[in-house]
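Chains A and B supply the protein sequences, listed in that same order.
So the first sequence is numbered by our numbering: it starts at 3 and just counts up by one.
So the second sequence is numbered by our numbering: it starts at 9 and just counts up by one.
Since the hints were made in silico from the structure, they are not lab data.
Worth double-checking, as some hints may not be accurate.
[Stated by the list, open to error] Taking beta-carbon pairs under 7 Å as the criterion, some of the chain B residues facing chain A (in silico):
1) ASN59
2) VAL61
3) ILE84
4) LEU98
5) LEU102
6) SER115
7) ARG334
8) LEU343
9) THR348
10) LYS352
[Said to hold, decoys possible] Derived DSSO-like pairs: lysine-lysine, alpha-carbon spacing no greater than 30 Å straight-line:
11) A:LYS450 with B:LYS145
12) B:LYS22 with A:LYS466
13) A:LYS466 with B:LYS196
14) B:LYS328 with A:LYS200
15) B:LYS333 with A:LYS289
16) A:LYS202 with B:LYS206
17) B:LYS206 with B:LYS22
18) A:LYS202 with A:LYS289
Ideal placement from N, C-alpha and C gives every residue a C-beta, glycine not left out.
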Amino acid sequence: MSTLTELPRPKHKPEVIDKAVIRFAGDSGDGMQITGSQFTNTVALYGNDIATFPDYPAEIRAPAGTLPGVSGYQLHFSSSDVYTPGDAVDVLIAMNPAALKVNIADLKANGILIVNSDSFTENDLRKAQTKVNPLEDHSLDKYRLFSVELERLTRRALEHLGLDAKSVDRCKNFFALGMCYWLYNRSMDSTVRWIEEKFKSKPLLTEANKLALKAGYSYCEATEAFQISYEIPPAQLTPGLYRSLSGNQALALGFVTASQKSGLRLFQGSYPITPASDILHELSQYKDFGVMTFQAEDEIAAITSAIGAAYAGALAITTTSGPGMALKTEALGLAVAVEIPLVICNIQRGGPSTGLPTKTEQADLLQALFGRNSEAPIPVLAASTPADCFWVALEAARIALKYMVPVILLSDGYLANGAEPWQIPNVSDIPEIPVHFASDPEGFLPYKRDPQTLARPWAVPGTKGLEHRIGGLEKQDVTGNINYEPLNHENMVRIRAAKVAGIAREIPDAEPAGDPQGDLLILAWGSTQGSITAAVKTQRAKGQKIGHVHLRYLNPLPSNLGNVIKRYKKVLVPELNMGQLLWVLRAKYLVDAVGLNKIQGRPFKQAELENKIDDMIGTRS
Amino acid sequence: MSTVTLPPITPLTKRDFQTDQEVRWCPGCGDYAILSAVQAVFPELGIARENFVVVSGIGCSSRFPYYMNTFGFHTIHGRAPAVATGIKALRPDLEVWLATGDGDALSIGGNHTIHMLRRNVGIKVLLFNNKIYGLTKGQYSPTSEFNKKTKSTPFGSVDRPFSPLSLAIGAEATFVARSVDVFQSHLKDTLKHAAAHKGSAFVEILQNCNIFNDGAWFSLTERDARSEQVVQLEHGKPLIFGKNRDKGIRMKGIEMEIVQLGSGVAESELLIHDAHHPEPAYAFQLSQMEKRPGFPTPIGVLRAWNDQPRYEDVINQQIKDVIAKRGAGNLTKLLRAGDTWEVK
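Only chain A is shown next, with the shape it has when bound in the complex:
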């Protein structure tokens, strides 16, 4: 191992730059997600700020070498704050002609292009529907092209191991990774540790992957292929202990923390669905925290089992994506009617129907707000960055338990799989979540409410003297007896609405980032925070007066939002949908807000936002 770290440093001094965007692209079988996340981990450990964008096909293995099979992983790392994975890339690694074809448009002019030249055979070109070999027709002249025989070089480096040809070829991504480590002057230590852990029981594969990594690094050293290497100094993050965290990991950790802070068992009912399954994978590992994960027979059983567990006294959650959310709709209504604490996570993806399972979208907002029969109000919260998922999970659990309500938590594919540095909080700094179970039979009635929160008591089975019946039929307030009287129904509908609306009392006021008043307010929610923050920063530097409110609470909305809106001449609502928050804001505040809408399964580019801002309030130099 030590031999790896003792590799000679580049002979020349690396050029110091402040940021870079790198994209690994290849066939879905080429290990691009692993390669990208390894590179991410290394630069994060070094102290750079990061944002990532894994982009992979819905097919597990589309036919090798074809355009639909291309998988990509983009990383933006910097010595200053990073808000987005980057609009365009500085370095593109393309493992085959299909990956080149799909990704080349995003490479900056004069950007570094590393291609696996062994994969530019007639056969591979045909699979990529490319007639002329782009390595030979000067179409790539505006880039700094590095044609590397990745397969041949990897084979040569590993030939003495006696490993089968297939396994050898699988190591070529690590050869490419080694090259990138050289290019950015980074240590291979953390990847070596990862290889040793991953292939613990397979010493030959451990050796092969380490050798391939090292060979890639040495190749650059020996051939001086790049002639230049880069150094990106660590970012000035707030002091503290950090780790890199994806949105789905953050949700899992958030719920375990909520379970510990409330003293309740965590129960997760879930049915596998992209891009939410990783939450189930994560939580199923945490049995030492008493976490009970239930992989249900379907989406409906996933939520109804969670309702059962909540009824029995658990902190219950269910995790899904849009199509699963649709299936859970009736059960959501039950949770509203029986007034039981529950958190429902929707990791949104492109739709309708099966749609774009692996691509991101924000088009389930109106479903979350209204997608139930009759009047069934549910608090809705949205996470805005991968690490924010941790805090939103805690907050959703707190609200559910305090108000005895189901809470919908919205994340999306971009947050779920994207990663960023997370400053690890001190456990003792995280507030406890108080929980009260009813225990006194004296005067107990199942719908006798707390006058402040309007929450009904949580009376779990097994509590002597509190035997009672609940259900989806309309009931009389206080007693909980079935009741079909007209005025009682109206009263109950209004109470359920008032209970949710009342949460606004403890929601923090909307505080615009940027200018507290001015020409333009950008009002948004969810995963668009990064690109909006970056765009607002650029535009304000040009002298524009812009405020940015990014909503965590979508139901109820912050009480002062209407007043904030009035402080700006114009309101822009950028969303990865057809204008759903826009619709809500226009209805609620009668404001002539304007939408910027993108429905391509991809996040906003910073430039798209900047152009829209310029369109709306003109450029001021």
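Take the given structure of chain A and dock chain B to it, following the hints.
Structure of chain B alone, referenced to chain A:
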């Protein structure tokens, strides 16, 4: 040693399980008899009242929890098994009973029913089978006979019915039984057997809907027909039926046949009921018996196999095992797991 005087334990009675809610089934409905039997059996189980949870879905039968003075949860159509699974997994100490019907459990909730049974969650299932949709006022159900004329099938239904017992056994349920609303003592006995079973206990109760499908089971329940049309299963006893207990069931190859006792056939040749057989094949054959011309309908416990671990025990044991191995989770360690770096 000092003597601790415990307050005298008053045994629970049937009255303790009755609620103040007005029972709203149609007069003459078979559900009353089932309610009465359950209310009579619960006090005999030696379980504290607060530990009972009665869960239901939607349908006439699913009003059941409102009339039981226990914890009760009237959920949504078909989903009661999943709600009950969540309750039981989290709280294995609770005694969870489920009231459901042929539409609720076998049509809209068929999926949850089979998965609850294959997992062997320790839930007692009372399936009220009246071969009709009552609460929606008279459409055919998955157990209605072929060509049945109902409101939704004026020219006769074209669906083939299935047997609830066969379905349960197909899902490898560990306890499968059948009783009849009007056979009160048999019903109570069957419920007690179900209560004694560790895992999922599936009890089909043939129940009369006197409004929309009156007489669906009269061929079994009318006094004259009863002994000829019903064979009562008892573990370790031969399969004998008939007014004069003169008919028996014998295996011929892999099939059952009816034989006349006395006429050269000895009782010892008859099929001896084995409810405890680990393989479900025999119970499945019993569940299909009445479909064969001339054969009686079996009632009683078809299958009671107690060697299968309960879901709630396994899922909780796994958690205990992990804690024993790793120690109880430490949140600080969890949050700081993996590669971390310090920014100064």
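Margin query: Next pair to validate is LYS328 (chain B) with LYS200 (chain A); report whether the Cα-Cα distance is within 30 Å.
Written below: Holds: LYS328 (chain B) and LYS200 (chain A) sit about 27 Å apart, inside 30 Å.
Notebook entry, point to check: For the pair supplied as a hint, LYS466 (chain A) and LYS196 (chain B), is the alpha-carbon distance within the 30 Å limit?
Noted result: holds (26 Å)
Next item on the list: With a cut-off of 7 Å on the beta carbons, see whether LEU98 (chain B) makes it to chain A.
Entry: Holds: closest Cβ of chain A sits about 5 Å from LEU98 (chain B), inside 7 Å.
Checklist line | Distance restraint between LYS333 (chain B) and LYS289 (chain A), which requires alpha-carbon spacing of 30 Å or less | finding: The given pair, whose Cα atoms are some 11 Å apart, holds under the 30 Å limit.
Next item on the list: Measure nothing beyond the straight line between the CA atoms of LYS202 (chain A) and LYS289 (chain A); if it is 30 Å or shorter, mark the hint as holding.
Entry: holds (23 Å)
Note to self: Quick check on the hint: LYS352 (chain B) CB to chain A CB, less than 7 Å?
What the structure shows: holds (6 Å)
Note to self: LYS206 (chain B) and LYS22 (chain B) were given as a pair; does the straight-line alpha-carbon distance stay at or below 30 Å?
What the structure shows: holds (24 Å)
Checklist line | SER115 (chain B) as an interface hint toward chain A, with CB separation required under 7 Å | finding: Given a least distance of 14 Å, the restraint on SER115 (chain B) is violated.
Checklist line | Interface hint status, LEU102 (chain B) versus chain A (Cβ within 7 Å) | finding: Since chain A brings a Cβ to about 5 Å from LEU102 (chain B), closer than 7 Å, the hint holds.
Checklist line | Restraint satisfaction for VAL61 (chain B) [CB to CB of chain A, less than 7 Å] | finding: This interface hint holds because 5 Å falls under the 7 Å limit.
Notebook entry, point to check: Straight-line Cα separation of LYS202 (chain A) and LYS206 (chain B) no greater than 30 Å?
Noted result: The hint is violated at about 42 Å.
Margin query: Does ARG334 (chain B) hold up as a contact with chain A if the rule is Cβ-Cβ below 7 Å?
Written below: holds (4 Å)
Hint violations for this structure: numbers 6, 11, 16, all remaining hints satisfied.
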